[in-house]
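Chemist: Single-letter residue listing:
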Amino acid sequence: MPHVQLFITCLVDSFYPQTGEAIVEVLRRLGIDVDFARDQTCCGQPPFNAGLRAEARPIVEHAIKVFEKTTGDIVMPSGSCAHMIKHGYPELFADDPDWLPRAQALGNRVYEFTEYLVDKLGVTDLGAQWDGTLTYHPSCHALRGMKIDRQPRALLANVRGAQIVELPNAEDCCGFGGIFSVEHPELSAEELKRKIDNLEKSKSPTLVVTEAGCLMHIAGGLHRQKKNQRVMHIAEILNTQ
Amino acid sequence: MNNTEFRSRIRKSLANQHLQIALDINAERRVTRRINALETLPDWRERRQRAHAVRAEMIEHLDGYLEQFAEKAKQNGVIVHRAKDAAEAVKIVLEIVKDSPQRRESRKENQKESFAALSTLRGEKVLIAKSKSMVTEEVNLNHALEAEGIRVIETDLGEFIVQLRGEKPSHIITPALHLRRQDVGELFRDKLGIEYTEDIPTLTNTARKVLREVFLTADVGITGANFAVAEEGAICLVTNEGNGRMVTTIPPIHIALIGIERLVRNLDDLALMLSLLPRSATGQKLSVYTQIIHKPLANQQRHFILLDNGRSRLRNSPLKESLLCIRCGACMNACPVFREIGGHAYNSIYPGPIGSVISAGLFGSEFVPLAQASSLCGACKDACPVDIDLPKLLVRVRAGEAKEEKRKEEGGGLSLTSRFFLKMYSRFALSPRLFTLSQKFAALTSLILSSFSRWIRLPAFTGWGYSKDFPRFAGKTFRERFVESDSLLSDRQRTENNRAVRNMVYENTQEQALALHKVERFTKELNAVHGHVHKTEKPSQSIVEFLQSRGINRIHLEPGVLDEDALAKAGITVSYAPDPAIRVGVTQAICGLADTGSILEADGEGNPLHASLLPEIHLAVLFTSRIYPSLENAIHLARDTKSAVFITGPSATGDIESVHTIGVHGPGEVHVFLVDD
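Those protein sequence lines, which keep their order, are chains A and B. Residue 1 is where the first sequence starts when you use the numbering used here, and the numbers rise one by one after that. Residue 1001 is where the second sequence starts when you use the numbering used here, and the numbers rise one by one after that.
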């Protein structure tokens, strides 16, 4: 039986464990064995993106060491963490002939969850059922950094009973950006406001994302504004039967 | 600028309702126009990659190409200078200007109309007419010249407006982006003494009248350069209003200040860049005036000043890729942060994503905090016509790589709290045990903070709490649940089926419509930019009829274009000398471009400028055999002239509220008389 490693990422691990479970269930239903390396922590993206490379480097080395001990593809429920490994790691080790090949070897094994389903397994129909309207927000790092857009859209198109509507200005950032959302709260708030306005325009009660950062940010904004729309990770939609 | 000051500038911009409206208009109009314009090039994605490679090769071997450019320009009769920094550039300009033969006498004669703002400039001072140039802003040239008692007038409509307001441009392409028409109406009322109006054509026409006099009497014209062509020793300047053409051809001295990274290898590379630059900047297939200037005209001095000002340092730094920039402004128009705060908030002449990289690289570490004002969403990279990896460069600036010193200050612009939090977090993430413990601790704390809700309302000062609530940590993390539920899951029936793979068929973008015949294509494109085509077998007769229909009996004429006997018979007189009363100029176009509706004209001897630039109406005779498919097929023709210009429709501006307004400094009507040969 083929097997994959699940790199759960810190946000899903700490805030959205049900998303992680959904991923495990979806993959297992497809006959994939899912391993979880217990020593994994974080991919290193938060300090790296903030410019704190000295802090990021040991975390990244830790992640490389942990996953070097494993085999198989590595699946992540986050385009930005996958992007970090594929693009951030080589940037971090650009001048390090020892670590660079190790970082690149790891990057070659990494897939974002929907990318893995569609591009690697060739699956676009998981037999999922959803009663109601859905709209999709493409996360920036998945969309522009990893060119992942048709994969989640193809998966959603095959969800039975679901009516998929287009989110106006879907490709605009929601304003999360990691530490940006606390460093520049006013800017982040404006972008979030636009995203929520567009969600309202779509008239969809449910917003689907592939990234826990966007989920946490948009859902937090909706709750603050006392709105009823919900934000869900795509894995949980795909895991419905 | 420290982070506190930046934050306060951001808040000020957000609170400015007028600015917010102006920025929304800009973002909506510019982004759509850019995308539509690029889609007219079926291979634009591939061109973008080629443009990246061409620019990267240039920056890699810049020194050699600079030598080649300087050598070639000297052979062309241009005086070439090198300036290592802003002070040197200013000094060179001052030396040139002080030696200039002044045209004060002619200015005195021209004191016919009187505009309040200009009444003082017709005195004894040296008068400089400037076309929009970011690099002159970068070295603060106007300030230095004015300190020496020299009068400088910005002639681009947007720059003219911000200069009258005593401001800096807020965008590198549309300097007055931050203003509404009402602001301009009030400004012109107060400074130019006209009646208040919100009518954009009236405002534009006022600027035309005021600045016409400046062009005709200026001692020196100063411009930047969009590109400099190494093999040719020529520069390329793209403008829409016609002011660039005026200041490079009318004053007895022209000075171009050129950033050394503006170089391209040859005319082919230039054609490639020109297929991307106007589309990305303004959504035009070609700007109205695309000048390629090789030599000084008769009785004219031309100076090229090659400016380094930190570019060599940038070239040797990890921010090198930023030198690929061709200054189109597309990254600003696409940036969700720029859209909220506009250019002035950045407090640098180069704002937006590219500005947040190069300001730190060129001007120093006080600009590093700008790079933190980005969610790294990557819209800038996608919009960039030369595919500069701006998010990557922004992260490098944050990591202190803009600095030369060995000891880098990482996390520049971060608040102390964020820095502390990230350092703590990084420590925990190093150890699986500590990481798990901190998750437990956070879960417990968040449960205490918010026992009855899944949400925690953090105070605004935390940043997060400013506009959103924070989710409670999960009671059990995924890693805990995974261990516990492993057996449960394996008991579950693993439905292997239900895997019908339905491969989606994605809509391919529609192929471009069949190529039109070149005459039809030329006509369609020229009409699209508000120009007119008249098909004729007898151009002299058709033009006489056109003039009679307009009641015009005096014209400027390029020698040898029309049958002068026929004109005389029709009672039409011809003037070869400039005359502001004449409304029509007639020229022969060297060639036409089918895919943009452009015509090529030469400036200089035998090709009187006053025929194709000064009058309100420009009539050009073009033979159909001289229509080329595209710029890249015809750009070499510029080589045979001292100064050539591809004209794409009537003179125009979008400087007030991005509203397309026809007829600025050049003709407001362009008619091409197509002769089938």
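It should be emphasised that the hints constitute simulated quantities derived from the structure, not laboratory data. Keep in mind that the hints are not guaranteed to be accurate.
Said to hold, decoys possible - Covered by chain A, according to a simulated footprint, are these stretches of chain B (three or more residues, beta-carbon under 8 Å):
#1 1010-1018
#2 1367-1374
#3 1419-1429
#4 1473-1484
Said to hold, decoys possible - Sample of chain A residues at the chain B side, in silico, Cβ under 10 Å:
#5 36
#6 64
#7 97
#8 175
Ideal placement from N, C-alpha and C gives every residue a C-beta, glycine not left out.
Chemist: If you look at each residue in the segment 1419-1429 of chain B, do at least three have a Cβ nearer than 8 Å to any Cβ of chain A?
Modeler: holds (count 7)
Chemist: Using Cβ atoms only, decide whether residue 36 of chain A comes closer than 10 Å to chain B, and label the hint accordingly.
Modeler: This hint holds: residue 36 of chain A lies near chain B, its Cβ roughly 5 Å from the closest one there, short of 10 Å.
Chemist: Does the CB of residue 97 of chain A sit less than 10 Å away from some CB of chain B?
Modeler: Hint violated; residue 97 of chain A Cβ to chain B Cβ min 18 Å, cut 10 Å.
Chemist: Would you check chain A against the segment 1473-1484 of chain B, counting CB to CB pairs closer than 8 Å, and say if three or more residues qualify?
Modeler: Holds: 9 residues of the segment 1473-1484 of chain B have a Cβ under 8 Å from chain A.
Chemist: Tell me whether the statement that chain A covers the segment 1010-1018 of chain B is true, taking a Cβ distance below 8 Å and needing three residues at minimum.
Modeler: Coverage by chain A holds here, the residue count being 3 at a Cβ distance below 8 Å.
Chemist: Quick one, is the residue 175 of chain A hint okay against chain B at 10 Å, beta carbons?
Modeler: 6 Å, holds
Chemist: Is the hint on residue 64 of chain A kept, meaning its closest Cβ partner in chain B is under 10 Å away?
Modeler: 13 Å, violated
Chemist: Verify the coverage statement for the segment 1367-1374 of chain B against chain A, using a C-beta to C-beta distance below 8 Å and requiring 3 or more qualifying residues.
Modeler: Contact hint for the segment 1367-1374 of chain B vs chain A: holds, 4 residues under 8 Å.
Against the hints set out earlier in the document, violations occur for numbers 6 and 7.
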